[in-house]
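Trainee: Chain by chain, the residues:
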Amino acid sequence: MMTLDARWVKIWRDLWGNKTRFLLVTLSIAVGVGTIGMIYNASQIIQRDLYTQFKQGNPAHVYLYVSPFPKEIAAAATGVREVKQAQARRIIRAEIKSSEGELENLNIHVIADPSMIEVNRFKMQEGVFPPRVREIILERQSAQLLGYEVGDKVTIKLADDRQYALTLSGIAHDVNEIPYAILGDATGYVSMDTLRWMGQSATYNRLEVVVQGEDIGKSYALDVADKIKKRILEPAGYQVLSIRIPGVGSDPGDHWAHNQIRGFILILQIMSVMATLLSGGLIVNTISAILIQQTKQIGILRAIGAARKQIVSMYLLNILIFSVAGLILAIPFGLAGSWWLANFAAKFLNFDVTRVTLTWDVLLIQVGVAIGMPLAVAIFPILKGTRISVYDAIYQYGLSDRKRASRFEQLLGRIRSINPPLLLSLRNTFRQKSRLAFTLGTLTLAGAMFIASFSTYSSLTAQIRDVERYVAFDARLSLPRGVSKVAAEREALRIEGVGYAEGWAISEGVIVRSDHSESQGIEIVGLLPDSKTIHPKLIAGSWLSAMPNSRQVVVNADLVMEEEGIEVGKEIQIKIGGRTHTFTVVGIVSKHIFGPRIYMDFTFLSRLTGRHNEVDEIRVLAEVGKLGSVATQNRLAEKLQDRFRNAGIGKNNSVTRSSFFSEFTEIFNIILLVLLIMAGLLALVGSLGLSGTLGINIMERMREIGVLRAVGAANHALVKIVLTESLIVSFVSWVMGAITSAISSPILAAVVIYAVLETQMNFRYSLIGLLLWFCVILLIGVFSSLLPARRAALLQVREVLDYE
Amino acid sequence: MGRKVGYLDVRSERMEKMTNFVVDEIHPDQSKDSLVSPTESDSASVPLMEAQDLWKVYQTPSGDVPALKGINLSIHAGEFVIIVGKSGAGKSTLVNLLTTIDAPTKGKLFFCGTSVLDLSEEERTRWRGKNLGIVFQFFQLFPTLNIWENVKISMDLLGEIPVPARKERAMELLRQVGLEDHARKVPAKISGGQQQRVAIARALANDPPLLIADEPTGNLDSRTSEEIMELFASFVSRGKTVLMVTHDRGALKWATRVVEILDGELQR
Chain A
98 MMTLDARWVK
108 IWRDLWGNKT
118 RFLLVTLSIA
128 VGVGTIGMIY
138 NASQIIQRDL
148 YTQFKQGNPA
158 HVYLYVSPFP
168 KEIAAAATGV
178 REVKQAQARR
188 IIRAEIKSSE
198 GELENLNIHV
208 IADPSMIEVN
218 RFKMQEGVFP
228 PRVREIILER
238 QSAQLLGYEV
248 GDKVTIKLAD
258 DRQYALTLSG
268 IAHDVNEIPY
278 AILGDATGYV
288 SMDTLRWMGQ
298 SATYNRLEVV
308 VQGEDIGKSY
318 ALDVADKIKK
328 RILEPAGYQV
338 LSIRIPGVGS
348 DPGDHWAHNQ
358 IRGFILILQI
368 MSVMATLLSG
378 GLIVNTISAI
388 LIQQTKQIGI
398 LRAIGAARKQ
408 IVSMYLLNIL
418 IFSVAGLILA
428 IPFGLAGSWW
438 LANFAAKFLN
448 FDVTRVTLTW
458 DVLLIQVGVA
468 IGMPLAVAIF
478 PILKGTRISV
488 YDAIYQYGLS
498 DRKRASRFEQ
508 LLGRIRSINP
518 PLLLSLRNTF
528 RQKSRLAFTL
538 GTLTLAGAMF
548 IASFSTYSSL
558 TAQIRDVERY
568 VAFDARLSLP
578 RGVSKVAAER
588 EALRIEGVGY
598 AEGWAISEGV
608 IVRSDHSESQ
618 GIEIVGLLPD
628 SKTIHPKLIA
638 GSWLSAMPNS
648 RQVVVNADLV
658 MEEEGIEVGK
668 EIQIKIGGRT
678 HTFTVVGIVS
688 KHIFGPRIYM
698 DFTFLSRLTG
708 RHNEVDEIRV
718 LAEVGKLGSV
728 ATQNRLAEKL
738 QDRFRNAGIG
748 KNNSVTRSSF
758 FSEFTEIFNI
768 ILLVLLIMAG
778 LLALVGSLGL
788 SGTLGINIME
798 RMREIGVLRA
808 VGAANHALVK
818 IVLTESLIVS
828 FVSWVMGAIT
838 SAISSPILAA
848 VVIYAVLETQ
858 MNFRYSLIGL
868 LLWFCVILLI
878 GVFSSLLPAR
888 RAALLQVREV
898 LDYE
Chain B
6 MGRKVGYLDV
16 RSERMEKMTN
26 FVVDEIHPDQ
36 SKDSLVSPTE
46 SDSASVPLME
56 AQDLWKVYQT
66 PSGDVPALKG
76 INLSIHAGEF
86 VIIVGKSGAG
96 KSTLVNLLTT
106 IDAPTKGKLF
116 FCGTSVLDLS
126 EEERTRWRGK
136 NLGIVFQFFQ
146 LFPTLNIWEN
156 VKISMDLLGE
166 IPVPARKERA
176 MELLRQVGLE
186 DHARKVPAKI
196 SGGQQQRVAI
206 ARALANDPPL
216 LIADEPTGNL
226 DSRTSEEIME
236 LFASFVSRGK
246 TVLMVTHDRG
256 ALKWATRVVE
266 ILDGELQR
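The listed protein sequences derive, respectively, from chains A and B. Numbered continuously in the working numbering, the first sequence closes out at residue 901. Numbered continuously in the working numbering, the second sequence closes out at residue 273.
These are calculated hints, taken from the structure and not from any lab test. Being a predicted model, the structure only gives us computed values, none of them experimental. Don't take each hint at face value.
[What the hints assert, rightly or not] Coverage of chain B stretches by chain A, computed from C-beta distances (three or more under 8 angstroms per stretch; other residues unrestricted):
#: 1; region: 132 to 142
#: 2; region: 145 to 158
#: 3; region: 162 to 176
C-beta: ideal position from N, C-alpha, C; glycine also.
Kindly generate the complete structure, drawing on both the sequences and the hints.
Mentor: Listed below in C-alpha cells is the structure:
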C-alpha cells in the first residue's frame, strides 16, 4: 500500500503540533493578502459602479454661472468649436420643511429640456421625469433624510418667503450632486411650469459645458469657458458671475470625490502593503524559530542521509502550507472586506454596489502574494538554517557559540562594574545580530509609524487651529442680498448674550493674468481691517491698513499656491462685477482649508460691487477676544437665526464655529484611528517577533541555563535575565524609532493630508506620541518576555544538561 | 589495531526467530550508485573501513587541544568491534570522525579502499545514508513521527528502496527488534530501551553494511543493555559489521575485537 513520504508527514505534524503558531502565521498571511484583495476589489467596484455610472451621465467639465439667460444660449454655446455639449439649468436656493417641520436648505434644479437631458444625467428610482406642475422630485438621499416618500406633500419656501406645497412625484438618484449628508443641501427637481407657478422667471442661470476631447485639464476647461463668455455671453449682454470646475478640487469630468477616494484608497493600499510586509516578517521569525527548534533534528536527518536540498524542500513545504492556509482564509476575507468597504463608500458617496465578485486579476494577485511572498522571504533563513554542519546541529545545540567573542562581548568583559546577570543579558541581546536586527527593525517600524500617526494628527489639528483664526466667531448667519451692515449689526446686538457683532460682505472675482486669461472664481471678503472675528496669521507682509478706499488686498497661501507670481508688494488684476481693478498685495496669510480667498476693505468692496454697505453674513461673539463654549455657540446660533427670521431679515440656518469644524474633526479622527490601527498591527507583530526571538535565544542557550540552575540560579534570576534582555531590545528600538520618526512623520503627514484634504500642511512633531510610544514599548518588552521567561524558569537541570 | 577477544555465539529465543527470517529480497541497485559500496570480493582483502593517522585538534582560547592523536584503525567485514575508554578519552570524537559527522584536522578515512574525505559534503551525506547505520546514545528519534515512520524516513530520504516496499520493510525491521505491536506509537509513548530498538531498526532501514553505535546502552539499564547487545550480535551473525564505542566494560564480552582508547590514542 502506498503511503505518504515520511518527510511530508513530519512537516505536517510539526506544523499542526503547534496550533497557536500555525494559526498566528496563517492569520497574518490572511490579513495581508486579504487586505490586498479587499482594496483591489473595492477599487474595481467603485470604478465599475460609481465612476462608470458617473461617466455615463456625461458630467460637465465646467460651469458658467450667468445672469438670467434663455435656454437658446446653450445652443449658441455649442457653436463654439471646443464645446461638445452645453446645457442650460436653473439653480434656485430655497428651503424645504423636513417631515419633522425643520427648515433645511434646498437647491432646486430646473433643466431646460427635461425630455432630453444631455449633461449631468441622472436616473429615476421611482416615479417619472419630468415632474408635472406643482410636483417635485427629490434626490434619494434628500428624500430619505428629510423623511419623505413618493406621494407626500412637501413645503418649499423661496427667498421671497413665500411657501408652496408640492407633491413628491418621484425619487431620483443623482451621482453628480454632492450628497445631502455631506453638503447639508438637499436637491430637488421641478419643471419650468412649476417655477412659473411659484412666481419665478422662466430663465436659467447655469450653463453646463462638456468640452471636446479626453482627459480635459483644468486650464483648458477654463479657457473654453472664457471663450464662451467672450464670444457668446458677453456680446449678448449676459454677465458671467463665476466660472467653476465642478467638484471639490477634482479635474474636469472626474467625480467630485475622485481625489478624496484616491487618497483614501492610497492610505488603505499602504495599510495592505504594511500588513503584507508584517506577515512576511512574522514568517521569517517563525521559520527561524522552527529551524532553531529543529536544529538537532536537521542534524539527525543529515546524519541518516538527507541531502541539504531535501531538507530545504521540507521547510519550503512548511511555508507553502502556511501560504495555502492563509490564502484559503484571505479570499473570503478579501471579498467580504471589499463588500463592506464598497458599501461604506456607497453610503457615503450615494451610489449602489451592484455586485461583489472575485475577478481573475485580483485572485492572481492574491495567489501571487500569498504563495510568492512567504517563499521569497523564508528562503533566506531556510538556506541559512540548513547550512549548519551535522556536528554543530547535533552536538552544539543549546551551547553558546564556540566562536571567538565579538568586540562588543570583549568590551563587556572589560567592564567590571556590570553585575553578571546584566552582563549576561547584554551579551545575549547582541549575540545574534541578524535576528536582533530583524526584531529591532519591526519594532522600530512600529514606533516610527506610531509616532508618525500622532504627528499627522498633531499637524492636522494644528492646521485646524490655524484655520480657526479665520473662523473666530461663536455663530454666523448668512444673509440675503440687500441687508445693510448697520441694520444687521444692530439686530444682532439686540440678542441677549451677544457682546459683539460684525457684518462681512462676500463677493466673487477672478484674477486676470498677464496673458489676459482668468482664474476660477475666487471668494472676496470685505471686512473692516480691525475685524474682531478674524485673527489672521501673516506669513508675509502685513494686514490691511485702516486707510479708507485702499486698493490693498491680503491673499491667503491657498491662492498663492494656485496662481503664479503673487507676492507681497506686487500688483494683481482682479475682475469684480465685470470690471477689472488693480490692487496691491500687502500681505499673505496662512492656508485655509476652504480654498483661495482675498481680503479687502469692506467700504472699498462695497463701492466696487455697487452694494453700498450691504453685508452677506453677520458674525457674533458672546465676548470680544474670547471664543465661547459649544453650548454658548449653540445658544447664540439659535437666537441669531430666530431673531433674524422674526425680523424678516435672514432666512438661512446659522452656523457655529464648532459645527464648522466638526466634519473635519470626524475625518481627522478616522484618519488617526486608521493610522493607529496600522501602528498597532506593527506593534503586535513586533511584539510577537520579540517574544519569538527571546524564545529562540532561550532554546539556543538551554545548556547555559541548565548550568546556571545547577549552580544555584533561582527562577526569579532567570526571569530577570530574560526580562532585562527584552527591555534592552525595547529601549533600543524606542531610540531607533524616535530617530526614524523624524523622517517618517513628515512624510506620512504630507501624504495623508494631501491625499485627503488636497492641501499641504505645516508639520508638527508629536512629543506626546513619542512619550506614549515609550510607555507602549516598555509594556511590549514586559509582555513579550512573559512566556519565554516562564519557559526558562520551568526548565529542569536534567532536561537541559543532556549532553553527550 | 587492538586486542581480539573471542567471539561469543549467543543464541536466544529471539535470535532463533531472527535466523528464520527470510533475508529480504530487495537489494539496492548498486549500478546506479557511483558512491562507495562494499561488494563480496572486497570483504576478504580490503578493510570495510580504515582510518589512517586521524587527528582532531580543537582550538580553544587557552591553546590547541588534541582530542585524537594519530588514530589508525581498520574494521573488517563481519567484525563486532568495541572501542572502550573512559569519559573524555575521545570515543565520541572518534565515532564522529568515522561517521563523517565531524571532519578530522588531518588524516585519511577509507571505505572499501576509497577515500571518503575526498567526497563533497553532499556525496558524503549520501554515502553515509547508504553505507552506515548510525545509532546514537540518546536515540534521536523524530518525536512527531510514529515509530514505523521513524524507520521509513531513512528509506524515503535515500530513495533506493522502491516506494511500495518501504512500509512493509519498516514493519519487518520492527518485527526483527520485537516492536511491531507498537508501530503506531510515537517515541514518547515507549520506553528508552524500545526507543533504542527503533533507532537500530532505522539504522538498518537502507541495509547498510556497517553499523556504528555511539554509547547505545549509555542511557539504559543493565537488562535492557543486554538485550540491545544481543541484537547487535544477531546482526553480526547475519553478516553485518558493527562498530560500537562504550565506557561499559560489561559489554566487551559481545565483541569479536576490543580496542582501548586513552587520552586520544588507541592502546596496543
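Trainee: Looking back at the hints listed earlier, which ones does the structure fail to meet?
Mentor: none
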